[in-house]
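Protein chains in written order, with this note's numbering: chain A, 23 to 248; chain B, 964 to 1283.
Check before you lean on any hint, since a few could be wrong.
As the list claims (entries may be wrong) - SDA-like mimics (lysine to any residue), calculated; alpha carbons at most 20 Å apart, straight line: (1) A:K191 with B:A1222; (2) A:K191 with B:E1225; (3) A:K135 with B:K1124; (4) A:K191 with B:D1139; (5) A:K31 with A:S92; (6) A:K191 with B:I1071; (7) A:K31 with A:A64; (8) A:K191 with B:A1244; (9) A:K191 with B:D1054; (10) B:K1281 with B:V1205; (11) B:K1124 with B:I1071; (12) A:K191 with A:Y117; (13) B:K1147 with B:D1054; (14) A:K135 with B:P1239.
If you are wondering where the hints come from, they were derived from the structure by calculation, not from laboratory data.
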Amino acid sequence: MLWLRRALKTVVFLVCLVPALRLAAGAAGLGGMSLGADPVAALLHGCGRWGLNFLMFTLCVTPLKDLSGSLWPLRFRRMLGLFAFFYLVLHLAVYILLDQSGRLGAVWQDIVKRPYITIGMLALLLMVPLAATSTARAMRRMGRRWTALHRLIYVIAILGVWHFWWQVKRDIREPVLYAAGLAVLLGYRMLKRRRQTARVSAARPAARDPTAATIVPSLASRCTDP
Amino acid sequence: MRKTDTGQTDIHPSEITPAEVYFSRRALMAGALGLAAAQAGGLRPASATPPASGLLPFTFDRRDSVAEAPNTFEDISTYNNYYEFGTDKSDPAKYAGGLRTRPWNVTIGGAAEITGTVPLEDILKPHPLQERIYRFRCVEAWSMVVPWVGFPLGDLLRRFKPTANAKYVEFKTLYDPAQMPGQKVPVLSWPYVEGLRMDEAMHPLTLLVVGLYGKVLPNQNGAPLRLIVPWKYGFKSIKAIVGIRFTETQPATTWAGAAPNEYGFYANVNPAVDHPRWSQATERRLGGGLFAPRIPTLPFNGYGPQVAALYRGMDLRKYF
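Can you make the complete structure from the sequences, with help from the hints?
Here's what the structure looks like:
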């Protein structure tokens, strides 16, 4: 089973790299690929969109685990989250180095003056501690605090969709789609939480069901939600 | 350029002429045309109704052209904001091929002595075509340099003898969702409407355009007839015009109506007045590749010496 898990992880890893490789090939003009008349915008928007996609994929893991009844999806959650971070760091790098030609003064002006850039920067900054604590060791060491910290992904995803929505000129269909997807993913968690607390408070008066008392907390610590 | 069975425009690679080759060829052609005109005894090249496709007869207007290198035909014809065919910049090149540009009528109305519906051929016939290389600055802070072929709008407007009540000119794009699929989506209120103050419309830099790179304008660039006002943001330069109306009051224009705090009626290129969501101080000149630095945006897109007087005494922050 270990070889299967490793092979699967490698495949998923390579698939996650495909958008980046396609953008790179387009930028380099390999194999007749092109990013069109405005390659900087194509890179900027391509990386931003894939960063947002990977945030969404990461948030799909828990519902997928619940619906499938299998813990397998959890094995890919860290990788998906780190790919979201990877694409968003690229997005920032393209913005600073290519779009703004490295003029840090202009970048700073944008951050303080343009609300959509302010919230985009904030979202990416909030991702840094999550990426930094993505190792198994950090997870073990931090315990419950790790779970609490990684709930930040909800805030990050909301800021990310907001950032996208806010910079669209007129056609908001795409950001609306992301917002709807995010609403479903976050709504699912709220419903689940409400159901769990209802179950716990219903179980409390009886107070003598040992399975409820032991299984629920242990699941909560193993399959922590983010 | 050929139309395929699906109605899409299919540009064969061999039909794309590199800009340098095009411009050396163009110099020869313009010279030949000028010679022919001189032999015919006229100062201007003989004007005749331009063809519906292929090469156009024109003279090069050096005085009103910028010396900067134009963008490639491919860049100009594949990167378009033309929401009538979709909101992605590659949509117009994909979906505009099926637009029928002949027969085409333009309805002239409002405060003028002569009004009515005029076939495109009659609109174009008296006007000798000129090529002018203009800067093109989009409100989204990118820019190109484009060799347009057209004639001054003012020359056309004068033919209809606008009255003293004509203070503005309003333009309308074709409304036909069957041909313009983007109009099935209410991202803007259709049809697209733009407008100019009368003095802006009569300014010699304001062009009605029928061609690009010496050939009939591709559909995705606004065929068969579009406006070009080089000192204003690109959205003022309305495409596929079917209506021209002289009005006494300022026309209600599409983008200014859609987001009045972001897009003004005047929309003069102005590095000092930012879009509420992004800076207008600099622009990305397309065609320079990934590492081309941004360039500073010029007041009135660099046409200040010719047009700044139109706005003397106006608060350009208020009338943005």
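Checked hints:
1. A:K191 with B:A1222: Distance of about 9 Å is within 20 Å: holds.
2. A:K191 with B:E1225: Answer holds: K191 (chain A) to E1225 (chain B) is near 10 Å, not above 20 Å.
3. A:K135 with B:K1124: violated, 48 Å
4. A:K191 with B:D1139: violated, 23 Å
5. A:K31 with A:S92: holds, 16 Å
6. A:K191 with B:I1071: violated, 32 Å
7. A:K31 with A:A64: The given pair, whose Cα atoms are some 29 Å apart, is violated under the 20 Å limit.
8. A:K191 with B:A1244: holds, 18 Å
9. A:K191 with B:D1054: Status holds; Cα separation ~16 Å.
10. B:K1281 with B:V1205: Violated, at about 31 Å.
11. B:K1124 with B:I1071: Holds. K1124 (chain B) to I1071 (chain B) sits at ~11 Å (cutoff 20 Å).
12. A:K191 with A:Y117: holds, 18 Å
13. B:K1147 with B:D1054: Holds. K1147 (chain B) to D1054 (chain B) sits at ~14 Å (cutoff 20 Å).
14. A:K135 with B:P1239: Answer holds: K135 (chain A) to P1239 (chain B) is near 9 Å, not above 20 Å.
Checked against the numbered hints given earlier, this structure breaks hints 3, 4, 6, 7 and 10; the rest are met.
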